[in-house]
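Quick note, the sequences are listed as chains Z and F, same order. Under numbering that gives the first Met the number 0, the first sequence has 6 at position 7, and the numbering climbs by one with no breaks. Under numbering that gives the first Met the number 0, the second sequence has 128 at position 129, and the numbering climbs by one with no breaks.
Among the hints, a few may not be true.
If the Cβ cut is set under 10 Å, some of the chain Z residues that face chain F in the computed set are [said to hold, decoys possible]: (1) Met0; (2) Val4; (3) Ala10; (4) Asp11; (5) Val72.
Just so you know, these hints were derived from the structure itself, not from any lab. All values reported here derive from a predicted model rather than from experimental measurement. Ideal Cβ positions, reconstructed from N, Cα and C, are used throughout, including at glycine.
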Amino acid sequence: MARLVFLGRLADVAGAGEMRVAPGAVAEIMADLPGELAQALAGPKVRLALNGALVSGVVVLAEGDELAFLPPVSGG
Amino acid sequence: MAPDVRLAEAGFDPGAQIDAFARGVPQAGGVVSFLGQVRGGDDVEALELTHYAPLTLPGMRDLAGVVAGRWALDGLLIVHRVGVMVPGEPIVLVAAAARHRRDAFAAADFAMDHLKSQSWFWKREKRGGVWAWVEPRAQDHADLARWG
Numbered sequence: 000m001a002r003l004v005f006l007g008r009l010a011d012v013a014g015a016g017e018m019r020v021a022p023g024a025v026a027e028i029m030a031d032l033p034g035e036l037a038q039a040l041a042g043p044k045v046r047l048a049l050n051g052a053l054v055s056g057v058v059v060l061a062e063g064d065e066l067a068f069l070p071p072v073s074g075g
Numbered sequence: 000m001a002p003d004v005r006l007a008e009a010g011f012d013p014g015a016q017i018d019a020f021a022r023g024v025p026q027a028g029g030v031v032s033f034l035g036q037v038r039g040g041d042d043v044e045a046l047e048l049t050h051y052a053p054l055t056l057p058g059m060r061d062l063a064g065v066v067a068g069r070w071a072l073d074g075l076l077i078v079h080r081v082g083v084m085v086p087g088e089p090i091v092l093v094a095a096a097a098r099h100r101r102d103a104f105a106a107a108d109f110a111m112d113h114l115k116s117q118s119w120f121w122k123r124e125k126r127g128g129v130w131a132w133v134e135p136r137a138q139d140h141a142d143l144a145r146w147g
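Chain F on its own, in the form it takes in the complex (with noise of 0.2 Å):
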């Protein structure tokens, strides 16, 4: 099972996405995914991913073996989008496929909390036609503690 990890430089569609990873892992009695979008109703405009080529794609690549080895799945697929996007849009979308269905939500959602927090990007959010660099969340340091 080789990991399937990509950035994504515009707008994906996760159904899709999801559609032809399910097919592709007729073997799995479960798939989990995980589909992360631009949160909307909060004056947010617009909303920014930056990243760092030669350290974000390895180091979610890193991260997709570590999961990989971590629980047994027939298939692992993450989509991380960069650049400009609008409320609604999605973000990110990860994916876990695993004979049985506790190793595949238990993958998808380390995950999760690892790209959050672990993961090379910085996020930026327009307000009011002006750009504001989002701070870490604690919240997310906590999510990464769960896992030990």
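Chain Z on its own, in the form it takes in the complex (with noise of 0.2 Å):
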């Protein structure tokens, strides 16, 4: 299995701080996601971080590997 890691307000939206998934191309992964985490997820402003490194673009799951979805900082 994979994991979907979520920060912030996406914790809410998904009801929990973590999800395991399949491993797989995370288009796919999303698209069986409920719409509304679906959505925020892919918010315009929302990085993400493959096992602890910042990616773009196209992402392909592993087994074990660990995705999160950062939504904008609001820190210090």
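Dock chain to chain to rebuild the complex, using the hints, since each chain is given by itself in its own frame.
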């Protein structure tokens, strides 16, 4: 399995901080998520981090991968 | 000069941190510190900062490296809380030590502007028993633009 991690308000939309999913293309994984969550995750300001490194473009998850969805920060 | 960068899971004593930091840099002529604390009197009952461990502390260390490369510092300390805090509690402490004060002021200012707008923290506030996420402030991005 692979793991999706939701930060900030995305965790509220997902109802959990993380979710286990079958490995595969992220676009296909997102298509199987509830519409509201998929829409929030696909927001233009949401950055992605694969195994702790920022990524963009097409992402395919392998077994054991962790993909984090990072909304705009509001820290400090 | 290796920057001292930490995430604090529990409350910390900023005075003690600044004292220890200043004692460790006797060659510095100036130590500038900034303490950010949870703002009170705003109906805020509590504030929670969440982070993402694989990115947050590494990102803060990268920032400290940039600061140390930009100004001639004798020391740099960054301590940032995560977890639930109440009004008056420290959130973030930045201290910069330099031979001359201008470098220390600028380094601390730069570090704070970048911590606010570019570090991986998400903040929510509790008012009337209800938690709400804090959206990014346009001012934080304007502050960042000062540095070019």
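Going through the hints against the structure:
1. Met0: Result: violated, 18 Å to nearest chain F Cβ.
2. Val4: holds, 7 Å
3. Ala10: holds, 8 Å
4. Asp11: Asp11 (chain Z) check passes; min Cβ-Cβ to chain F is 7 Å, inside 10 Å.
5. Val72: Holds, because the Cβ-Cβ distance from Val72 (chain Z) to chain F comes to roughly 6 Å (cut-off 10 Å).
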